[in-house]
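Enquirer: Take each chain as given, in its own frame, and dock them per the hints.
Residue numbers (numbering that gives the first Met the number 0), protein chains in the order written: chain A, 0 to 116; chain B, 0 to 766.
It is worth saying that the hints were derived from the structure and are not from the lab. Keep in mind that a hint or two might mislead.
Cβ-to-Cβ under 10 Å is the rule here; a few derived chain B residues that face chain A [claimed, not checked]: (1) A641; (2) P642; (3) I729; (4) V744; (5) L756.
For every residue, glycine included, the Cβ atom is placed at its ideal position computed from N, Cα and C.
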Amino acid sequence: MELLLIFIIGLLHAAGIYMLLRRSMFKMIIGLILLGNGVNLLIFLLGRLVKGKPPVIDEASKVFTEIYADPVPQALILTAIVIGFGLQSFAIILIKRVYKVLETDDLDELNSTDEEI
Amino acid sequence: MIFAVISGLISAAILPIFSRFKKDLVPKLYPFIPLGIFIYLASFLQHVVSEGAQFWSYSWIPSFGINLDFRLDGLSLLFGLMITGIGALVFFYTSYYLKEDKYLDRFYGYLSMFMAAMLGLVLSDNLISLFIFWELTSISSFFLIGYKNEDDSSQKSALTALGVTGFGGLVLLAGLIWIGHVGGTFSYTELLNSSEILQNHQSYIWIVILVFVGAFTKSAQFPFHFWLPGAMKAPTPVSTYLHSATMVKAGIYLLARFTPLLGGTDIWNWTLIIVGGFTMLYAAIHSLFRTDLKSILAYSTISALGILVFLLGIGTEDALLGAGIFILTHALYKATLFLITGIIDHETGTREVTSLAGLQKIMKPVALAGYLAALSSAGVPFLLGFISKEVMYEASFHFGSWAILLTAALVITKIILFVAGFWVGIKPFTGSLPEEHKSAKMPSPLLWVPPVLLASLSLIFGALPWLLDGLMQSVFTSMLPEAPEIHLAVWHGFNWILGLSLITLAVGLVLYYTLKPSKKLIENVKTFDRIAPIQLMENIAMSFQGFAEKWTGFFQNGFLRNYVITILLFLTVLAGYRLYDGVDIHLDWNQISQITPSEFLVVILMVTSIIFALVTKTRTGVIVALGIIGLANCLFFLYYSAPDLAMTQFSIDILLVLLFMLVLFQLPKNRSFSTRKIRYRDGLLSLMFGSLIAILALEVFEAPSYSEVSDYYAENAYILAKGKNVVNVILVDFRGIDTMVETVVLVIAAIGVFSLLNLNLNPKSKD
Chain A
0 MELLLIFIIG
10 LLHAAGIYML
20 LRRSMFKMII
30 GLILLGNGVN
40 LLIFLLGRLV
50 KGKPPVIDEA
60 SKVFTEIYAD
70 PVPQALILTA
80 IVIGFGLQSF
90 AIILIKRVYK
100 VLETDDLDEL
110 NSTDEEI
Chain B
0 MIFAVISGLI
10 SAAILPIFSR
20 FKKDLVPKLY
30 PFIPLGIFIY
40 LASFLQHVVS
50 EGAQFWSYSW
60 IPSFGINLDF
70 RLDGLSLLFG
80 LMITGIGALV
90 FFYTSYYLKE
100 DKYLDRFYGY
110 LSMFMAAMLG
120 LVLSDNLISL
130 FIFWELTSIS
140 SFFLIGYKNE
150 DDSSQKSALT
160 ALGVTGFGGL
170 VLLAGLIWIG
180 HVGGTFSYTE
190 LLNSSEILQN
200 HQSYIWIVIL
210 VFVGAFTKSA
220 QFPFHFWLPG
230 AMKAPTPVST
240 YLHSATMVKA
250 GIYLLARFTP
260 LLGGTDIWNW
270 TLIIVGGFTM
280 LYAAIHSLFR
290 TDLKSILAYS
300 TISALGILVF
310 LLGIGTEDAL
320 LGAGIFILTH
330 ALYKATLFLI
340 TGIIDHETGT
350 REVTSLAGLQ
360 KIMKPVALAG
370 YLAALSSAGV
380 PFLLGFISKE
390 VMYEASFHFG
400 SWAILLTAAL
410 VITKIILFVA
420 GFWVGIKPFT
430 GSLPEEHKSA
440 KMPSPLLWVP
450 PVLLASLSLI
460 FGALPWLLDG
470 LMQSVFTSML
480 PEAPEIHLAV
490 WHGFNWILGL
500 SLITLAVGLV
510 LYYTLKPSKK
520 LIENVKTFDR
530 IAPIQLMENI
540 AMSFQGFAEK
550 WTGFFQNGFL
560 RNYVITILLF
570 LTVLAGYRLY
580 DGVDIHLDWN
590 QISQITPSEF
600 LVVILMVTSI
610 IFALVTKTRT
620 GVIVALGIIG
630 LANCLFFLYY
640 SAPDLAMTQF
650 SIDILLVLLF
660 MLVLFQLPKN
670 RSFSTRKIRY
680 RDGLLSLMFG
690 SLIAILALEV
700 FEAPSYSEVS
710 DYYAENAYIL
720 AKGKNVVNVI
730 LVDFRGIDTM
740 VETVVLVIAA
750 IGVFSLLNLN
760 LNPKSKD
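Same shape as in the complex, but just chain B (with noise of 0.2 Å):
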């Protein structure tokens, strides 16, 4: 099992090597890929119907609980036949479709990535692994969708898709994570047992609100639907696979999925209806006012997934199956709408649905898909759209004091999705042939094969309903684990359901009669595009690199001052803040020294030179002042027994005031830059940091010391070293390779100084 998901990924990965060296056999040879696996995952469905769902294993990160668990059973079935057998068809017809384009073998690659990312999806038993794949699904399809990648308005969808999915996909990673937090396990199939757990704990809202958000923008639900009509940028091979089958039923899945972990509640039903609602009777009303193939589709998809929320959200029994009907029907018949919108561009050039008619002269087979996709869309009898809508009116209908107003929403989105239908799968074939595509031929049978063998399936489970009663009964439990025993059939005998239909029906061809797809109507509604949730994305996404900008700009603002004025602020007022809240200093008296009038001296002349070097207008008053603090200095630390520093200091700090003094007369004048309210600021904020240090000394001077390593130093320090002065053998002995490594610092800095003396930039004139 675990081959037959990562298949994809594997043939990805060599497909570099590979199509170097035989660039053609690519095209032949990878559409055996999905159509192995289908039938792979074909020879389970016996298995499955029987027994139920089947497991597999393999351990990958156990500390974590993280493990490659597949769970074979309905709904992961139909999803994985759906996956690899339309992608084995959508392999094939691309091989012809893109056969002239320079990086085809790479659009392979693309595609054999989605499609293993999609069965590890579907497969996946494990949360988190599940994640993986979800996420891995939104990187594939970023390339499948920029496939054109010179164009700019395919990178823009490409990454507003991206952007879309993957922001859902990580709000989708908190809900699992936080999922496996409540139940202890990532496992869905042990999740399953404590779906109780679940729903009775407290943060059960927030889960279903994460789960939602990553499902709603995986399937393109309002308001996240925005990226989807965008991605038909993609070649139409992508948008048939993406958007018929797999990417955007993702989504879908989850839910599904989810349905007997999470759902049942108040909250989870109408969640769903509402968002689900909304949306179908929003994208449905959008796809009259396009013209383009394409965009129809593209519209109409989402209110296909629309009506799929909202049956979930309804969640009867009913709803339930209906739901899983409409997943295959949908993906039969939205696959060969999208396979003909395919053909018809290749062969005519345009898509443009008010150009196109009279093309069934030219190429009988494709008009004949066409008509069949949209009889099935439009629920006609003996073909599988009929059976899916009546189950589905069945689950509104009876849906209690409700009924009448979902039955209703329900009714137009069909009739709506009926009109669009229509358009796109009986309008180009039907009428005179205009003249400027008399030229156009018939395609070649890797193009029209696919969607007539997708077609005929149509036809065939919607005359023989029974075909599917294993299969959908197996997804059925899967969604509702008690579930009824079903039987399909086409005859429900004469209800209010199928009086629903006929309206349908009736209305619908009206509404194809009197309705011409025009760009008028387009343009009617452009004046609301500055409410589309597209703009308002857009404008977020503008104003959030605005504050960026503005933030970066604040903070890194190249005054180096500045920088150290924020960190010291930020440090001041923290440990300020600390030291208030919770810090006593408690003085020890006895720790205190006396003062002698020598020692108050110095710190009388230490005081006064500090002042004096902060006021003083000359450059020769500031270093004398430096001087002077240096030598105050040297006399403390002869006071309190550091005879070396106190050395050290004397001759460093002479050296100092002396290499100053040489330098001066090339130093600049002493000016001042600051305006008086700069210098106060800074003043405040300096006697900010020199009080909180004065604290932070007098604290720690409170604390007890303790000396282990001074004792080992000075004990040993003859001992071991044969030195009697213990700072020197430190510093020369047991530190010994420090004080080394110093002195190359020292030597460098001499270096630097030295260059610097002679550096002449400007070789004309010598200094």
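Only chain A is shown next, with the shape it has when bound in the complex (with noise of 0.2 Å):
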């Protein structure tokens, strides 16, 4: 299963570098989307995979007593697909803005910071 994760870490990076490098502003929003998902399975499978065995202490004792999986990964984890949520939900509403604006979807066209709008 592990080999299988690490293939799609794999495609993820490679299909979000892929989109990234597109002309089309929509498209990077893609690529960057693709970007945080491939990074969070990447931090998820070095903290290694535990099945069935959530960081969570049972009712009864006070430590753990059997092997749990790594909760540090998934407290990095955790804080950044609700970052990452900030920072794309932004993106979006900012190439809304861009399009309405100056009604282009490609960054070739957006390298003056000059013009008159």
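Expert: Right, dumping it as structure tokens:
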């Protein structure tokens, strides 16, 4: 399973970078989201995969009595997902505005900062 | 001693405050600074002559072996006296010469700074402090040369000078550090004992080359000579000071200083002979093609510097003695000539030698100084020039099998310098006075006393050379530790050397009467300008700039995605090479878990959606694919014990798809801009990067993991924080402040989204 996940991680990164390099801003954001997913999975995988043992302590005991999934990567990813959402939503609204004002989706046409709007 | 060295710097530093209140006092007071130091240094003359070098040491950065150690031996004393003595005269001269100048106070500041730097340079015993003073002379001379800062050509000359000498300084620094590295110390006095080690070291040749580049740039040796004529754009007092006694002699000083340390080898001697010999001839011939007094002087200065380098290259006892005497001779007569040129320029308004004649009727003392200087430069008996010339000829005449060639080169150079000296020192004063200069007046004593003083020194030392015995003996000793005792005398008896002197004088005289300076001559040599070093340097500078523009244009092209491509390509190639070169991956199949059918299904789903997101043409399709990818991610989290992640991912994913859908109708059509070729390129790069990440992931996965941090959190989650969900405890308790800041980031993003939605750039059309 880990090998398949590694394959998916590689694929997500490749797809993310490919989309990031496009001239269309819409595709750029898609690339950003794909990359974010890829990175999350990568961190998750590196915390080692443990099946069916969430890092939650049993009702009865005060410490873990058996093996448990690593909580630190999970905490990191949780943060990353939320922050990523903030970034992505801001970017989506931003290109919406840019398109509305400049009526273009092509990054190469956004090369001047001084233009009269 | 340290106060003497840095008093120039101090006076330059307090000048802006001082001149604000008492501007008129500046030119009256400042000349007494060099005068005071001159007297102070002269008081050591007896000690140095009888006891040898004197030392002062001030701790500076002892941990790096860098100290302000000063060493006053014959060589530094000679230079120190010239710097402060001629300095004092120039300071006095300036107070009248630039009397009307608005920025006279500033000028004195630059001059004091320069004088202090020169003094520090010649007195430094520590190589690093020597370098610092060396660079200070370059910097302060930049201000002096560019003093007329509204003039374009002045600016250009100053920059050229700074560029050439600054470049040489950096090369010199490398050489000095290398010497310190090989010799184990930066102290010159200590290094003197390890000259054998230095000369036999394998990097000796590199050290010598680096030191040579430093000395040649400073002392205007071919092919670095071109900054010197340009530096004539400076006011005449500056030219006097920089080019007779100080700046350009710094390189000579360096070579003389290092002669006992590095000299005596073939590479040392022959490089100096060839470079110096070529420079002295090349520049002497050049001086014949000039009509501007200062230009003639500039080239004859380069030529004289060439002679000095040539003598240091010959390196025999006579040659080193000759160099020592000629340093003084040249300083005396060249400073005089520069000063009278300044006077002529000041009184008649021209420096064109073709239009000047008969001025002796108006300014007798100046003419007298000019005659004496010209005769000293020519080497007429009873002037100092004669003695230095005799010793010089003696040196080259006894230099083994190459003696004839070297002596011939020297004689030719001296003949031409004879003519150049006469043009500057004699021609403007003799003959009949032209109508246009009838109105010229006798200058103030402040102007004419300094040149007369210097010229009479040439005469006194020339007629009574034993006066110099003590000083020259110690100069000689500092260049050649086992120097024999010397007795300077005018008369050496009838021999070949006297014959050569007579030939020089006779041919020079004939040439002076047959060859007249004219503008036509300049035109004839204009065609060679194309291959002149200055032209080459300008071309190099221009093409360097062009190259830099192209380079920047290529990498900083303004397209962010090209930056991304560059970075990724570099990273992939570098890391890829490293992986290829030395990393083996051993898969431990025990670590790999089984694939259940449901997981396999999710994997298929994910791969299909990613590919679908890449190829689909519709925006809705892409968004749906994104949603599926997010949900598949969520399922992975769920399978592998991360319920919190699954929940978060699930809600965020839904929100994101909703947001996309809401703005979808306002978004542009999904168009493709790139050509097929670019897409293939990007595709290839992405695949490379994806593979790199995958391989790295595998690599890290294989490495053993450490879990101290996780264990700590897991064990203490309930005990310390009273929470049973460890992930939650980490976020809200152990790393609570991080989470709070994260919330702030989200709030900022929300404010950004909100304001973007409400932003109205065009108030007239409400949307």
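Enquirer: Run through the hints listed earlier and report the numbers of any the structure violates, in increasing order.
Expert: none
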